[in-house]
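The lines below spell out each chain.
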Amino acid sequence: MSNNHDGIRDHDHPRDEGRRDFLKQSSLLSAIALTPGAVRRAAENKWDEKIADELGKVPVSLEVNGISYNLKIDPRVTLLDLLREQLHLTGSKKGCDRGQCGACTVHVDGARINSCLSLAVTSEGKKITTIEGLSKGEELHPMQESFIKHDGFQCGYCTSGQIMSAVALVKEGRTQSAEQISEFMSGNICRCGAYSNIVKAIQEVKNQQS
Amino acid sequence: MNPFVYTRPTDTGAAIKSLSRGNQAFFLAGGTNLVDMMKMGIVVPEKIVDINRLPLKNIEPLSGGLRLGALATNTEVADHPEVLKGYPLLSLAINAGASPQLRNMATVGGNLLQRTRCPYFFDLTMPCNKRAPGSGCGALAGFNRMHALFGASDKCIAVNPSDMSVALAALDAVVRVKGAGGERAIKFEDFHRLPGDQPQLDNTLVTGELITSVDLPAAAFTRHVHYLKVRDRSSYAFALVSVAVALDMDKDNSIKDVRLAMGGVAHKPWRMRASEDFLKGRSATEDNFRQAAQIAMQGAKAYQYNQFKLKLAPNTILQALRTASAQA
Numbered sequence: 031m032s033n034n035h036d037g038i039r040d041h042d043h044p045r046d047e048g049r050r051d052f053l054k055q056s057s058l059l060s061a062i063a064l065t066p067g068a069v070r071r072a073a074e075n076k077w078d079e080k081i082a083d084e085l086g087k088v089p090v091s092l093e094v095n096g097i098s099y100n101l102k103i104d105p106r107v108t109l110l111d112l113l114r115e116q117l118h119l120t121g122s123k124k125g126c127d128r129g130q131c132g133a134c135t136v137h138v139d140g141a142r143i144n145s146c147l148s149l150a151v152t153s154e155g156k157k158i159t160t161i162e163g164l165s166k167g168e169e170l171h172p173m174q175e176s177f178i179k180h181d182g183f184q185c186g187y188c189t190s191g192q193i194m195s196a197v198a199l200v201k202e203g204r205t206q207s208a209e210q211i212s213e214f215m216s217g218n219i220c221r222c223g224a225y226s227n228i229v230k231a232i233q234e235v236k237n238q239q240s
Numbered sequence: 052m053n054p055f056v057y058t059r060p061t062d063t064g065a066a067i068k069s070l071s072r073g074n075q076a077f078f079l080a081g082g083t084n085l086v087d088m089m090k091m092g093i094v095v096p097e098k099i100v101d102i103n104r105l106p107l108k109n110i111e112p113l114s115g116g117l118r119l120g121a122l123a124t125n126t127e128v129a130d131h132p133e134v135l136k137g138y139p140l141l142s143l144a145i146n147a148g149a150s151p152q153l154r155n156m157a158t159v160g161g162n163l164l165q166r167t168r169c170p171y172f173f174d175l176t177m178p179c180n181k182r183a184p185g186s187g188c189g190a191l192a193g194f195n196r197m198h199a200l201f202g203a204s205d206k207c208i209a210v211n212p213s214d215m216s217v218a219l220a221a222l223d224a225v226v227r228v229k230g231a232g233g234e235r236a237i238k239f240e241d242f243h244r245l246p247g248d249q250p251q252l253d254n255t256l257v258t259g260e261l262i263t264s265v266d267l268p269a270a271a272f273t274r275h276v277h278y279l280k281v282r283d284r285s286s287y288a289f290a291l292v293s294v295a296v297a298l299d300m301d302k303d304n305s306i307k308d309v310r311l312a313m314g315g316v317a318h319k320p321w322r323m324r325a326s327e328d329f330l331k332g333r334s335a336t337e338d339n340f341r342q343a344a345q346i347a348m349q350g351a352k353a354y355q356y357n358q359f360k361l362k363l364a365p366n367t368i369l370q371a372l373r374t375a376s377a378q379a
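Chains A and B, in that order, give the protein sequences. Under my numbering, think of the first position of the first sequence as 31, with each following residue one higher. Under my numbering, think of the first position of the second sequence as 52, with each following residue one higher.
Simulated from the structure, these hints should not be mistaken for laboratory data. You can take every hint at face value.
Straight line, CA to CA, 27 Å or less: simulated DSSO-like cross-link-like pairs of lysine-lysine: (1) A:Lys-157 / B:Lys-90; (2) B:Lys-68 / A:Lys-102; (3) A:Lys-124 / B:Lys-90; (4) A:Lys-87 / B:Lys-68; (5) B:Lys-136 / A:Lys-201; (6) B:Lys-108 / A:Lys-156; (7) A:Lys-156 / B:Lys-90; (8) B:Lys-98 / A:Lys-156.
Short, incomplete list of chain B residues facing chain A, as computed with Cβ under 10 Å: (9) Met-52; (10) Leu-85; (11) Lys-90; (12) Arg-104; (13) Thr-126; (14) Arg-284.
Just so you know, even glycine gets a beta-carbon here, dropped at the ideal spot from N, CA and C.
Could you put together the complete structure from these sequences and hints?
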């Protein structure tokens, strides 16, 4: 871990280079153990990523928060990892990474989904909105304002997913009662138990709109 | 996750060909189950055939019924005006499953193919005949609280986790599939299978076959329906027991036709034919409902930790019948 040894992230180098080098080397070692000949030579010469680039990556065009991207991505990459690791939109959180907690909730063509269970290649041609795309510059989305006002969070880890889900919920019209809000917010787990304040925050936004 | 070849065909024939040619090749639709299993290493595809570009998304009227395209999402089906009007039981069952986010991704075809949630199936360090045929069944003498009451074998006591499929079994849906050998229609009750000696097979599809639609017969149960799902928390959990009820009742309270199916109790959605036969022509009374629930439990076999289901299941049937018959 030659870089970032002081533990402070440098904004000019947002990636943790030391960790990546280590991962690269360890994947090289396992590749060498498994493969003879040409691939070993490629690995020794650090060609593995270039070969993977040519062979395995898939071109994907998509729009995230109004910005168009033309990318070539490994088909194993989930939408969540694409957003966080490659586009550096770290507002969407990785909680369970198995579609059970909702921390990774984003909108794809207006519908809320779990980005951790969506392979990014399947988002070809789609419009994605993340928590970073909700506000207009400095002006927060009414749901963000309402979560702050009603204290709809404690540690905050689930909050971006809760807010993305809540914005979709209001659009879906599933806000007829506190019970209905709870039922249709059930895909977002809050370990701190801020549920009652989350329901209040959603109700206020719904009342503002009606 | 291991590397795989990714293809994205735009016509059905090419998708089927692409799948039949690949060893360990899988169709990818919503991905809510497959991507999860790929991350866990339970399935290790060499090839992924992304079928999301195939023209199988429509929900359209069929002569005397409704066709649900295999790629229609759970949300699109549950919210569709024709489903709400003609098949409210299906809408109730879908909305009882998963979360809104997952229902926005999960498809009709994928829902039919979701694998069991048996913890031994998901734990690579444990034996499981479904995941690794011949390795044994960890649940048989293990923690089997969620497991089957009906139709299990000494090879597998896992249950099918789908809610949607319970309603589709009750509604006599038909699964349309296409393969290298052409098209065929499978009665819903014949689509999923019991574990027997081959628990690795959840259904009767042959390799390379693609579900193209699920067809519903003419709407017959539009009013007296209910889907009651009992689970460990009030939402977003798999069923301990679930019951789908559809009643067609005369004004004099007699039952002209009835459909009953149970979830969470077998390797497939469990149709309760004997109880249906008992109720047909009888009055919708508490006593008849109790007898129907008892009849449904004939042949039930519990294991160490799911004994409670022997009581829970008939109570759930009874309560679902009460609610369905009382619908205004």
